[in-house]
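Residue numbers (our numbering), protein chains in the order written: chain A, 1 to 52; chain B, 1 to 373.
Quick caveat, the hints were computed from the structure, so don't treat them as lab data. There could be a bad hint or two in this list.
Said to hold, decoys possible - Here are the simulated lysine-lysine pairs, DSSO-like style, with alpha carbons at most 27 Å apart: (1) Lys203(B) with Lys277(B); (2) Lys277(B) with Lys188(B); (3) Lys42(A) with Lys203(B); (4) Lys203(B) with Lys40(B); (5) Lys42(A) with Lys196(B); (6) Lys334(B) with Lys188(B); (7) Lys40(B) with Lys196(B); (8) Lys334(B) with Lys312(B); (9) Lys35(A) with Lys196(B); (10) Lys303(B) with Lys35(A); (11) Lys307(B) with Lys35(A); (12) Lys35(A) with Lys248(B); (13) Lys188(B) with Lys5(B); (14) Lys196(B) with Lys5(B); (15) Lys307(B) with Lys334(B); (16) Lys334(B) with Lys40(B); (17) Lys35(A) with Lys312(B); (18) Lys279(B) with Lys303(B); (19) Lys196(B) with Lys312(B); (20) Lys188(B) with Lys307(B).
Since the structure is predicted, the reported quantities are computational estimates derived from the model, not experimental observations.
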Amino acid sequence: MESMINDTVQGAIYLSVIDMILLIVFLYAMGQLFKLFPLVNKIKFTLRKKGN
Amino acid sequence: MILIKALQAMLESTGLIMLTPGNVFLIFVGMLLVYLAIHKHYEPFLLLPIGFACIVANIPGTDLLLNGGLLSFFYLGVEHMIYPPLIFLGVGAMTDFGPMIANPSLLVLGAFAHVGIFIALIGAKLLGFSIFEAGAIGIIGGADGPMAIYVTQHLAPHLMAQVSVAAYSYMALMPLIQPPIMRLLTTKEERNIMMKQVRFVSKREKIMFSLIITVIIDLLLPPIAPLITMLMLGNLLKESGVVERLAKTASGEFMNVITLLLGLSIGSTMSADTFLKLKTLEIIILGLVAFMTGTAGGILGAKLLNKLSGGKINPLIGSAGIASVPIAARVSHKVALEENPYIFLIMHAMGPNLAGVFGTAIAGGIMLTLLGM
Numbered sequence: 001m002e003s004m005i006n007d008t009v010q011g012a013i014y015l016s017v018i019d020m021i022l023l024i025v026f027l028y029a030m031g032q033l034f035k036l037f038p039l040v041n042k043i044k045f046t047l048r049k050k051g052n
Numbered sequence: 001m002i003l004i005k006a007l008q009a010m011l012e013s014t015g016l017i018m019l020t021p022g023n024v025f026l027i028f029v030g031m032l033l034v035y036l037a038i039h040k041h042y043e044p045f046l047l048l049p050i051g052f053a054c055i056v057a058n059i060p061g062t063d064l065l066l067n068g069g070l071l072s073f074f075y076l077g078v079e080h081m082i083y084p085p086l087i088f089l090g091v092g093a094m095t096d097f098g099p100m101i102a103n104p105s106l107l108v109l110g111a112f113a114h115v116g117i118f119i120a121l122i123g124a125k126l127l128g129f130s131i132f133e134a135g136a137i138g139i140i141g142g143a144d145g146p147m148a149i150y151v152t153q154h155l156a157p158h159l160m161a162q163v164s165v166a167a168y169s170y171m172a173l174m175p176l177i178q179p180p181i182m183r184l185l186t187t188k189e190e191r192n193i194m195m196k197q198v199r200f201v202s203k204r205e206k207i208m209f210s211l212i213i214t215v216i217i218d219l220l221l222p223p224i225a226p227l228i229t230m231l232m233l234g235n236l237l238k239e240s241g242v243v244e245r246l247a248k249t250a251s252g253e254f255m256n257v258i259t260l261l262l263g264l265s266i267g268s269t270m271s272a273d274t275f276l277k278l279k280t281l282e283i284i285i286l287g288l289v290a291f292m293t294g295t296a297g298g299i300l301g302a303k304l305l306n307k308l309s310g311g312k313i314n315p316l317i318g319s320a321g322i323a324s325v326p327i328a329a330r331v332s333h334k335v336a337l338e339e340n341p342y343i344f345l346i347m348h349a350m351g352p353n354l355a356g357v358f359g360t361a362i363a364g365g366i367m368l369t370l371l372g373m
């Protein structure tokens, strides 16, 4: 696989900006996903209730 | 006459005549690392074997470092990137990710505290390093030793000694580097903010976490799949509760063996001919810049979140967004405690701290992808 980034100062700036933005997006998306995690406990509760 | 010749032959077979001033200097550096580990308790599990191997690596005449030598076999674990994922297995098996799952809005602090990576990367490029070398130097700012080794082995293996020594040394020195920056960028009022207790995270959520994160990260960022896979496997062993022996082994003796081998391997790269260069000094300075700006970035990010949340977040937890677990979280806790003995930030700071582990891995993964690795 070839590098998409040039070996220049400008390339380093592009690499940094893209990496930083994607990092924020990734972690923000992970955070949003974790907000749904309490639902896992509710699913368990519903299944048990149905079982009973 | 025969006696003199015998003595001369014996002298020639020792390392004495090959000993250079550089070797002597690095033997003292190795001794300093051992002193810091024993006397100051700075990351002794790492600095002790690193320092000892550094001393040995600078004693000429032995075959320890040569092809087929004992330390060269140990180094195969770094060269073939076996140790970093195995260290992550142990870290996963000893870590409770609950504080991070419980407070998802703080995850983004793991990104803000990584700004140091990119400042060091651009700084390295300005100093004339190649983009690959600059990437490896930048990752020091993530304060994650195994990740620094992993990325450096991909991008610039010839800088392994400098990058790994800088990363581990600064991790050990975080309690000295971070507090002045934290106090400088926060007001007394901000340091006194009490945070609400985080919610309880169930065992089922933690099990789902390891499975879901493995699938998502391995799918989206294949270059870091070995690290995240092992981290999450270790955590699954711990949280499942059905393989206690495996979890105990992964986080105990197994982790100790790998840490010892990793420390010896890194220290063995510190021989005078590869380590004593101007580049080393530049990398060490850039590493410090990365740590300092990363700390500042994390604090400023936390201040922003504090404003957005209406004053509910203590900005001191921002600096914990640097990956080094749990050192950075402990530093946040200690600085807050010095300000107010009733503030206990450790659990709150563990959230961004754990997010930082993912932050460094993701930043490294994106970097490897963009650089075509």
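Status of the hints after comparison with the structure:
1. Lys203(B) with Lys277(B): 51 Å, violated
2. Lys277(B) with Lys188(B): Violated, because 43 Å separates the two Cα atoms, which is more than 27 Å.
3. Lys42(A) with Lys203(B): 13 Å, holds
4. Lys203(B) with Lys40(B): Status violated; Cα separation ~38 Å.
5. Lys42(A) with Lys196(B): 23 Å, holds
6. Lys334(B) with Lys188(B): 15 Å, holds
7. Lys40(B) with Lys196(B): At roughly 35 Å apart (the allowed maximum being 27 Å), lysine 196(B) and lysine 40(B) break the hint.
8. Lys334(B) with Lys312(B): 19 Å, holds
9. Lys35(A) with Lys196(B): Given that 27 Å is the threshold and the Cα spacing comes to 17 Å, the pair holds.
10. Lys303(B) with Lys35(A): 22 Å, holds
11. Lys307(B) with Lys35(A): 21 Å, holds
12. Lys35(A) with Lys248(B): This hinted pair is violated, its Cα atoms lying about 30 Å apart.
13. Lys188(B) with Lys5(B): 75 Å, violated
14. Lys196(B) with Lys5(B): Violated. Lysine 196(B) to lysine 5(B) sits at ~79 Å, over the 27 Å cutoff.
15. Lys307(B) with Lys334(B): Cα-Cα ~23 Å, so holds.
16. Lys334(B) with Lys40(B): 18 Å, holds
17. Lys35(A) with Lys312(B): 18 Å, holds
18. Lys279(B) with Lys303(B): Measuring from Cα to Cα gives roughly 36 Å; hence the hint is violated.
19. Lys196(B) with Lys312(B): Measuring from Cα to Cα gives roughly 8 Å; hence the hint holds.
20. Lys188(B) with Lys307(B): 15 Å, holds
Hints 1, 2, 4, 7, 12, 13, 14, 18, counting from the list given before, are not met by this structure.
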